[in-house]
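S.K.: Residue numbers (the working numbering), protein chains in the order written: chain A, 202 to 296; chain B, 24 to 501.
Bear in mind the hints are in silico, worked out from the structure with no lab data behind them.
One or more hints might be untrue.
[Said to hold, decoys possible] Coverage of chain A stretches by chain B, computed from C-beta distances (three or more under 8 Å per stretch; other residues unrestricted):
| hint | stretch |
| --- | --- |
| 1 | 257-267 |
| 2 | 272-279 |
| 3 | 285-292 |
Glycine residues also receive a C-beta, built at the ideal position from the N, C-alpha and C atoms.
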Amino acid sequence: MVITDETIEYVGILAKLELSDEAKEQAKKDMSDMLDYVSKLNELDTDNVPAMSHAFPVNNVFREDVVTSGDTREQLLSNAPEQKDGCYKVPKTFD
Amino acid sequence: MSKTYETVIGLEVHVELATKTKIFCGCSTEFGGAPNTHTCPVCTGMPGSLPVLNKGVVEKAVAVGLATNCTITQNCKFDRKNYFYPDNPQNYQISQLYYPICRDGKVEIEVDGKKKFVRIHEIHMEEDAGKLVHDPFTDSSLVDFNRSGVPLIEIVSEPDMRSAEEVIAYLEKLRLIIQYLGASDCKLNEGSMRADVNLSVREVGSSEFGTRTETKNLNSFKAIARAIENERERQIDLIESGEKVVQETRRWDDTKEYSYPMRSKEDAQDYRYFPDPDLVPIVISDAWMEEIRRSQPELRDEKRIRYKEEYDIPDYDIDIITNSKKMADIFEEAIALGAAPKKVSNWLMVETMRLMKEHSVDADDLSFSAKNLAALIALVESKAINGTVAKEVFEKIFTDDIEPEQYVEEHGLKTVNDAGALTKTIEEIVAANPKSVEDYKSGKEKAIGFLVGQTMKAMQGKADPGEVNRILKEILSK
Chain A
202 MVITDETIEY VGILAKLELS DEAKEQAKKD MSDMLDYVSK LNELDTDNVP AMSHAFPVNN
262 VFREDVVTSG DTREQLLSNA PEQKDGCYKV PKTFD
Chain B
24 MSKTYETVIG LEVHVELATK TKIFCGCSTE FGGAPNTHTC PVCTGMPGSL PVLNKGVVEK
84 AVAVGLATNC TITQNCKFDR KNYFYPDNPQ NYQISQLYYP ICRDGKVEIE VDGKKKFVRI
144 HEIHMEEDAG KLVHDPFTDS SLVDFNRSGV PLIEIVSEPD MRSAEEVIAY LEKLRLIIQY
204 LGASDCKLNE GSMRADVNLS VREVGSSEFG TRTETKNLNS FKAIARAIEN ERERQIDLIE
264 SGEKVVQETR RWDDTKEYSY PMRSKEDAQD YRYFPDPDLV PIVISDAWME EIRRSQPELR
324 DEKRIRYKEE YDIPDYDIDI ITNSKKMADI FEEAIALGAA PKKVSNWLMV ETMRLMKEHS
384 VDADDLSFSA KNLAALIALV ESKAINGTVA KEVFEKIFTD DIEPEQYVEE HGLKTVNDAG
444 ALTKTIEEIV AANPKSVEDY KSGKEKAIGF LVGQTMKAMQ GKADPGEVNR ILKEILSK
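Given these sequences and hints, build the entire structure.
M.R.: What follows is the structure in structure tokens.
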């Protein structure tokens, strides 16, 4: 499957990635290979196969509504590049 | 001649479910904690963490669906909605697109005596985002993930409403159903209920819809009404001047009373939904659904009918009392404790409403107990205190939920039942007011009121006015 420049450009915007021309060419090739690989599935006759939404034959995996987490703020915040007043500090963002 | 326009409105209502924990992790949903103290690897989107669905969320969503006449999707699942925003730590929101938990419902609303149905397109479950606060000192944004992962349901209506009044009636209806179910407290001002308004206008008689806009940031019924009126006018002006309405999301500024288009995230609107592979499908059996249906509490419409049959109180009072689950609970509890329905209703309709207004308290936030109201009513019934004192004591119950017996005892407010002492006081008052006595005897019945008043004053309010009246008449007729 051929991936166009427009598609790569658009996917890059959605993924918030700035790609060099070289990287774009590589990405086009990789994505094309992946789609070709997956398109193998189209060769299968799935007429009598029910649609499924999950790979495992499992459903209803639940938690009871009981508080089990405590305050691990310091530990979690230690992963953040920047923090202030117990919050994650990020570039200015408007609603 | 100018054309007449019709407003077409559909609503997207987000409701925070009143579960103890978040939708996919065991963090508390309690409001008001210090920033990020109710977070864990799941709700902060740490790599490798896995969501596990809170059973209570499914049950509450099904309960709301059943109460709004929806069909329950017995095989449903979650999808990922992909977008980048700092309040969304996973870079996707877990929501439902393909198989929402409820579909095709309807609720009946009434405006100016006219009844109509508003259809519900669907209700889906999803997670809330974190909160962003602008920090002026560093000119950056600070993120608090305490709300991240709090369970929400989004109730999407069909475009069936035609006025702000209908919109508010619909929201009130949803609020009452959901509050009675105990599924949420539905407070617009605190954000546990949020409404986005989809609005378009068209010429009356036209069967096609105009281009719609979505207005966000509406935090009160008044703001909703103002925003609807404003958006209607704005769209009509555009059309009349030959311009086009642009499909966009607008943000309402209630202090300035206008809306403006939200900065369009250039690349937005392509959310690339796909089934969330971390979550397995949900199967809601007939038995489970029946169990939820059976445990459904009495809803408002049923309560109104029952109150009318069981208690001899006016329709107007029934409407006011049942307009808040909190007030209806107080009403029923006080009756269960032995108070007469009419008396309880009177205290709620007159003194409670007056104090609510005075203290700017919503019915949902009433904090006094039915027990203390019932005790107060018993004190009045047994003539241990009189009406004036009772009002004074009730103010204390309203603000501090004091125990009336103890309060009355401590402050010496009990009616003096010592007939000897009362008679003695009355005799003194009669002796000191010969003019009034003479007026009364010469046929001016009203003069007795002054003497009763004087007696009550002398007794520091602690007498039963009926008793004072009786003794007075007895003395005056001598």
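S.K.: Compare the structure with each hint and give your call.
M.R.: Here is what the structure says about each hint:
1. For the stretch 257-267 of chain A, the stated coverage by chain B is satisfied: 10 residues place a CB nearer than 8 Å to a CB of that chain, which reaches the threshold of 3.
2. Counting residues of the stretch 272-279 of chain A whose CB falls under 8 Å from any CB of chain B gives 5; the rule of at least 3 is met.
3. Counting residues of the stretch 285-292 of chain A whose CB lies closer than 8 Å to any CB of chain B gives 8, which reaches the minimum of 3, so the coverage claim holds.
When the structure is compared with the earlier hints, no violation turns up for any of them.
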